[in-house]
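Using the sequences provided together with the hints, build the complete structure.
Note that the protein sequences, when read in sequence, are chains A and B. No gaps in the numbering here: position 65 of the first sequence is 65 in the UniProt record's numbering, and each next residue is one more. No gaps in the numbering here: position 58 of the second sequence is 58 in the UniProt record's numbering, and each next residue is one more.
Any given hint might turn out to be false.
Since copy identity is lost for identical chains, a pair holds within one copy or between any two.
Unchecked claim - Capping the alpha-carbon separation at 25 angstroms, the derived lysine-lysine pairs in PhoX-like fashion look like this: (1) 236 - 100; (2) 243 - 228; (3) 243 - 205; (4) 242 - 142; (5) 125 - 100; (6) 125 - 242; (7) 142 - 243; (8) 164 - 17; (9) 17 - 100; (10) 243 - 63; (11) 241 - 231; (12) 243 - 72; (13) 17 - 242; (14) 231 - 72; (15) 204 - 236; (16) 72 - 164; (17) 63 - 241; (18) 17 - 142; (19) 204 - 179; (20) 179 - 17.
Honestly, the hints are just simulated from the structure, not real lab data.
2 protein chains.
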Amino acid sequence: MNTTDATSPLLRRRNGKLITDARALVASYPAVPITVDCVIFGFEENELKVLLIRSDLQYFEGKWSLLGDIVKETEELEEAAYRILLQRTGMNDVFLEQVKAFGSPSRHPGGRVITIAYCSLLNIKHHELKIYDNELHWHNVKNLNDMAFDHKEVVDESYNWLQKRIQEHPLAFNLLPEKFSLRELQNLYEVILGVELDRRNFRKKFFSMDFLIDLDQYEENVPHRPGKLYKFNFEKYEKNKKKWFAIDF
Amino acid sequence: MNTTDATSPLLRRRNGKLITDARALVASYPAVPITVDCVIFGFEENELKVLLIRSDLQYFEGKWSLLGDIVKETEELEEAAYRILLQRTGMNDVFLEQVKAFGSPSRHPGGRVITIAYCSLLNIKHHELKIYDNELHWHNVKNLNDMAFDHKEVVDESYNWLQKRIQEHPLAFNLLPEKFSLRELQNLYEVILGVELDRRNFRKKFFSMDFLIDLDQYEENVPHRPGKLYKFNFEKYEKNKKKWFAIDF
DNA sequence: CCAAAAGTGTTTTGCCTACACCCATGA
DNA sequence: TCATGGGTGTAGGCAAAACACTTTTGG
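Set out below in structure tokens:
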């Protein structure tokens with residue numbers, strides 16, 4: 001390995017001299033278009049869903065695609081993700097977090113495009129999709145295939161990320177109505193994690209955390225005994241969240 | 001929010017017509033240089049260290065910088081990270097994983113440059129740094145300041161990532177010699193996590209996992225009773241690793 | 001009164017924690 | 001023989017898991 005190789009400007013030190021013209025240096029670099037893709041998860045009818053549109057590209061005719069857009073020149077990556085969310089869902093108070101960058105040279109048929117995937121969780125009931133450009137629709141996460149680009153991989157990675165994340169952080173509440181029953185909460189965990197949970201232990205677990213506010217209200221219009229409604233106490237959680245420590249693999 | 005806005009090619013559907021010329025579409029996008037930065041952690045003398053060079057840029061004169069380089073036009077992101085590692089350390093069998101993309105428009109003084117941070121763990125004793133371009137050196141993670149670009153933030157995020165990751169995955173063994181004593185392993189955990197651990201419980205924990213191979217060999221040249229040497233059974237770990245499940249936040 | 005889901009407690013088990021003494025080696 | 005760290009076991013507490021019956025409501 002020859003590290004005196006001078007093809008890489010960032011690795012090279014030119015005879016110990018410093019580079020004075022940073023702008024010229026950056027201008028000399030090859031450049032690639034950057035997009036942000038939003039993996040927007042929602043929960044409804046006991047299914048985890050993701051918001052997709054039909055691809056605009058003839059190359060991917062009929063295939064489903066994530067909601068993405070080019071990052072504007074002066075825009076933060078996260079800002080671009082929020083912009084896409086707002087344009088597509090009309091919501092601006094949603095959860096959003098970066099998951100991963102995807103940069104395979106061949107992932108876009110029009111040439112190299114690097115994308116940063118952001119994961120977003122929202123409550124489907126909280127907004128109506130009033131816009132149906134490109135057949136914007138919710139899709140069950142389980143039945144995805146024939147997606148455009150590498151979007152299947154992006155969704156899979158995001159789903160893995162969500163499964164792990166939901167166990168360690170109170171993300172679930174972003175997918176539920178503000179007021180929810182414990183049954184709804186448990187269903188959500190069961191669907192996302194793909195496991196069955198014991199109702200009594202689940203309740204004990206959440207009550208012992210003591211982050212649920214009992215609203216003294218009940219479900220309505222259910223064909224059985226209505227469950228109590230709760231909301232999550234985010235303020236208390238933020239104050240009390242513990243430093244997590246346990247070697248376990 | 002007007003989604004008939006036509007400034008975003010990926011969001012737009014032109015009167016229901018598909019885009020046939022994907023190449024022209026991509027060519028019309030603004031483009032940004034992409035770099036990969038490697039956060040290379042090593043462990044030595046009971047300190048967690050990170051490999052840094054002096055920045056080449058006059059703008060950052062005297063400041064320390066991560067090892068990074070432009071991603072070549074036909075190169076996978078991960079491939080670029082491995083290339084940088086090989087060029088800088090001469091090692092090609094090292095641990096490497098993507099941590100996060102950093103893309104603030106103002107993070108580079110020469111114009112926008114987006115970087116993808118990769119985290120790497122290696123055993124300092126396994127290779128000598130024969131190359132000292134740009135004062136390549138190991139730095140204690142605790143004493144970093146005055147770094148170039150947003151590299152302090154990148155290191156901090158990578159360190160957080162490592163702290164979490166090392167508790168759930170057997171990464172630690174990438175930082176140790178192939179044969180190690182339990183004391184070395186414990187020191188590593190204590191330093192990375194910044195906690196003190198009970199020796200007996202730590203041993204019990206690792207022995208009960210049953211992933212350590214007893215080599216029936218002992219430390220040498222230590223001024224006290226030598227400890228037994230072990231190596232990690234990666235094969236067994238890969239076969240047995242459990243599906244991790246526990247709601248806990 | 002029937003169906004459907006809500007709500008509730010106890011026992012067992014395994015794991016993490018706290019804690020103190022003897023052992024092997026080199027100097 | 002001394003200094004240094006290596007190596008070991010046990011008891012208590014706590015949290016997770018397993019498990020079944022009664023209650024409430026709507027139809």
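Quiz item: When no copy is named, should residue 243 and residue 205 be tagged within, between, both, or neither for a Cα gap of at most 25 angstroms?
Solution: both (18 angstroms within a copy, 20 angstroms between copies)
Quiz item: From the Cα coordinates, with 25 angstroms as the cut-off, is the pair residue 242 and residue 142 best called within, between, both, or neither?
Solution: between (33 angstroms within a copy, 23 angstroms between copies)
Quiz item: Given identical chains, is residue 179 near residue 17, meaning Cα to Cα at most 25 angstroms, within a copy, between copies, both, or neither?
Solution: neither (63 angstroms within a copy, 43 angstroms between copies)
Practice problem: Since the copies are identical, ignore which copy is meant and state whether residue 17 and residue 242 lie within 25 angstroms (CA to CA) inside a copy, between copies, both or neither. | Solution: neither (49 angstroms within a copy, 53 angstroms between copies)
Quiz item: Between the shortest in-copy and the shortest cross-copy C-alpha distance, which are at most 25 angstroms for residue 243 and residue 72: within, between, both, or neither?
Solution: Classified as neither; 37 angstroms inside a copy, 40 angstroms across copies.
Self-check item: residue 243 and residue 63: within-copy, between-copy, both or neither at 25 angstroms Cα
Solution: Answer is neither; intra-copy 43 angstroms and inter-copy 32 angstroms both fail.
Quiz prompt | Up to 25 angstroms CA-CA - residue 228 versus residue 243, copy category | solution = neither (31 angstroms within a copy, 32 angstroms between copies)
Quiz item: How do residue 236 and residue 100 come out at 25 angstroms by Cα distance, when the copy is not named: within, between, both, or neither?
Solution: neither (30 angstroms within a copy, 29 angstroms between copies)
Quiz prompt | Intra/inter-copy verdict for residue 241 and residue 231 if alpha-carbon distance must be at most 25 angstroms | solution = within (17 angstroms within a copy, 36 angstroms between copies)
Quiz item: Using 25 angstroms as the alpha-carbon threshold, which applies to residue 17 and residue 100: within, between, both, or neither?
Solution: Classified as neither; 36 angstroms inside a copy, 31 angstroms across copies.
Self-check item: Within, between, both or neither: residue 164, residue 17 at alpha-carbon 25 angstroms
Solution: Close neither inside one copy (47 angstroms) nor across copies (40 angstroms); limit 25 angstroms.
Quiz item: Between residue 63 and residue 241, at a C-alpha cutoff of 25 angstroms, which is it: within one copy, between copies, both, or neither?
Solution: The answer is neither: 42 angstroms in one copy and 36 angstroms across copies each exceed 25 angstroms.
In summary, the structure is inconsistent with hints 1, 2, 5, 6, 8, 9, 10, 12, 13, 14, 16, 17, 18, 20 from the numbered list given earlier, while agreeing with the others.
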